[in-house]
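Student: Sequence:
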Amino acid sequence: MEQLEITEQPEVEAEEQEATPGQQDTQPSEPSPELEPLTPPEPEGGYRFKEGDPIIARYQVVSPLGFGGFSQVYHCKHTEIDREVAIKVLIKKKEGLQEAKAAGRLNHAHIIQVYDVLPLEDDTPVIIFDYVAGKTLEKALDQAQYRRLPLDADTLRIIHQVAEALDYAHSQNVIHRDVKPSNIILDEQGKAYLTDFGLAETKGATEIKRSALTVSAINLGGTVPYMSPERLKDGRPGDERSDIYSLGLVAYEMLTGQLPYRGRTGSLIAQIVTGDPFPPTKANPDLPLGVESVLLRAINRDPDKRPSSCLAFASALEETARAYVDANAQYSQAKEIFDKKRWRQALEAFEKLEAQAKGFKDTTHYLEQTRSQVRLLELYEQAQGLLKQGEYQAALDTLNNLTQLDPEYDVADLRQQARENLAREMKETLDAQYRQAVRQFKNEEYEACLDTLAVIYAQDADYSDPDGIVEPARAQAKRQQRLRELYNRGVKQMGQEQWEGAIATFQELQEEEPNYEEDVENQLASARLLAKVSLPLQEAKKLLKQEKFIACVDKLEGLRQIDADYKRDEVERLRQEALNLLYRQATGLLEKREFKDGLVALAALKQRSPDYPEVEELEAQAREGIRIQDLRAKLDELYQQAVEYLNQREYAKALELWQKIQQQQEDLEYPDQWNVEERAKEGLCMRLYNQALAALTKEDFDQALELWQQVRAADPAYPDSQQIEQQARVMQFYNQALDALSQRNPHQALELLRQAREANPNHSDKQRVEQQAQAMTLYSQAQEALSQGEARQALELLSQTRQVDPNYPDSQQIEQRAQAMNLYGQASDAFTQEEYRQALELLQQVRTIDPHYPDKHQVEQQAQAVIEERERTEKLRRWGLYLGGGAAALICLAIIIVLAAGGLPWVRPTPTATPTLTPSPSPTPTT
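Per this note's numbering: the sequence shown = residues 134 to 1060.
Simulated from the structure, these hints should not be mistaken for lab results. Here a beta-carbon is modelled for each residue, glycine too, at the ideal position from N, C-alpha and C. A portion of the hints provided could be inaccurate.
[Unchecked claim] Taking lysine to aspartate or glutamate pairs in the EDC-like style, the calculated list, with each CA pair at most 20 Å apart, reads:
{"id": "1", "residue 1": "K678", "residue 2": "E690"}
{"id": "2", "residue 1": "K989", "residue 2": "E968"}
{"id": "3", "residue 1": "K681", "residue 2": "E705"}
{"id": "4", "residue 1": "K793", "residue 2": "D763"}
{"id": "5", "residue 1": "K678", "residue 2": "E641"}
{"id": "6", "residue 1": "K729", "residue 2": "D702"}
{"id": "7", "residue 1": "K625", "residue 2": "E641"}
{"id": "8", "residue 1": "K675", "residue 2": "D702"}
{"id": "9", "residue 1": "K793", "residue 2": "E777"}
[Said to hold, decoys possible] The calculated label-pair distances, taken between Cβ atoms and stated as ranges, are:
{"id": "10", "residue 1": "Q762", "residue 2": "N808", "range": "22 to 28 Å"}
{"id": "11", "residue 1": "K767", "residue 2": "Q671", "range": "46 to 52 Å"}
{"id": "12", "residue 1": "D275", "residue 2": "L251", "range": "50 to 56 Å"}
{"id": "13", "residue 1": "K485", "residue 2": "Q671", "range": "30 to 36 Å"}
Whole structure, please, built from the sequences with the hints as guidance.
Tutor: Written as structure tokens, this is what we have:
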């Protein structure tokens, strides 16, 4: 619920509150004789209705009163019956109808009356209230000295009237839930009205309707400083006891000028729920202790310990305060009598006041002065009586005593009468009178002497002065009068606490008459002592007026060291007031973000009052503020340097400084008002991107990629419009493939070529990497097959290699070696098939192809041996044929026998079976 936003009303509270209807502050910020309403500021978009516009039916706008988040409020007049009303036009149609429902059922002299709820043409609801010209209680407090009201009948009447209104609402099962000074209106006669039932809850007969509201200060409904602990702690919607608590808090604020708990929302809620309230008598030392106990009972944390009703609280407060109020009234009456110089009546009044309220204000001071005046009056009346009785000299003596007490007391007429009467009486006894005058002169009773001589010369102006005492008596009387005036002046100055003046007066008296009859030395010592103890008090008061609170407290502490009992109550009251003002000064400095000065003030407060509440919390806030200010200054310096780098197009340095700011900003969200980050990233990325393009043009692909990675590191979202990464990465893969190919690693070359094509499917293989890699792979497989003795497979793979790359070089002579190996195999097969000559022919072809091809199976040696044996056998056969068949047969038989017997060393046996090839170590292919 928000307050009326007009000049003379409180500002809108942090939580949005509805505009208060039915009132307007009619008193300006500086009091003036005329009460004229001030024009409130207009809401954004202006008021819906202007002065003179009809709102609905017969209601015409007189002036806008204010606005809030949910409504606009107007001062209107009924055009037919000339009734003034306040009309609330709801901005949000559903918001605010709760107020109308709650307040509409209430009819009480101290509650703003709701007349009706009507719709506008667009169905916007309007609520019609009674109009009260006046001001809010909050405004009245703002205008009061120390923001508090005196403990008098008027203040108690306001509390009583609000209590009556709340108890009536409770009797109708309506709980207000938002009792605070801004919701209490005082009319021009000081009558109080309760308003703004926008947060009111209707209580059922047996239970309170539970709300969905939480403990959150925003959602709970109400104003945090005035909400009861149980509502803040448990999320209760509020009952009669919570309204009693809020009323007690309002009364506390009215009488002390402040709230019992202070702080920001979070710490304030914690204090209300768990902390102890600040004692009212410390906030306002003039409050009686009895009033403090009543206030503290009303704001007790335990709802069951509060008064039973609002009126019970108001009555207890009135009863407790009555003695104080009566004493205050009696004090005012006694002071008025004192001012009229009716001393006996004033004495009686002050004595009665002292008996009823001992030590009330400065009663003791007035009592002393009144008694002194009564004593002077009694002496004057005594002199009058003596005159009537013919005791003229006694009358003169009495008047002399009176003038010694008060030289300024008007006794001239009475003294003249006494002297004249004394002159007539003593006409015949002039000589006796003269002798008496001489005795008086000798006794240094110069005034009496002059009185006697005056009587004599009044009777006989030519009376001789045989002892010559007239002129000396006059001189001595004048001097004695001067000394008495000095003494009385000093006494009077001490009575008025003019200690320095009293010291000067007594010193002057002592210089003129060191042996003066009165105890001047003691008076001077007293004046000096009192000056020593009172001067700090006077200086402390001046320091307080000059708002030098620390010096004021220190001065009072020094006074305590001198005399702890000197005006103890006044000193303590002044000290507490200085501490409170120092606290306000410190909080004001913190609010103005002058944290260092605020911390100094808080340290001074803590040093002089270690138990003062909330100091440590505020010190923490001040230190945090200093930390943030120092951090912000450091960040500002870095930021300014970053801006300079940005202007110098040193984008990398500017971005580095911004990143440094981000790292060092801790919990401070430092704003980038010049868009340093964005501009530095953009400039840096553009520069790096252009360098990457240049590197790509120079075919320095690694440099191009490295520069692109720097771009990405600076701004991951920077667009690669020229596809630098794709081109560079493709060429990087392709070059790596060429390197792998040069290192005869075709598999890696093909894998890198595949990655290049994944990066760019349209990439052209200008260097025939794929062809060369496939040919190299086949050639390697051919080599492997050849090493495994698979000559045919090797030749087949070599053929495939030639198909892939007809010009692929046979650096390892695979074809030659495979053909040789193939022919050698055929030779081996021919040998096995006893085709020894064919084996030798094939072996000769092998030698033709590869002269160094190894004969691992010793084909040549064995085949040659077999052929030679066969040739010898053939020769023998032919010889046998020549010798004839018989002889041949015998010879053959002999040969066979000899061969079988192993004789004839010159004969080699002819193999009867196929020779077995003896393998030799396989030749290792030459790479």
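Student: Which numbered hints turn out to be false for this structure?
Tutor: 5, 6 and 12
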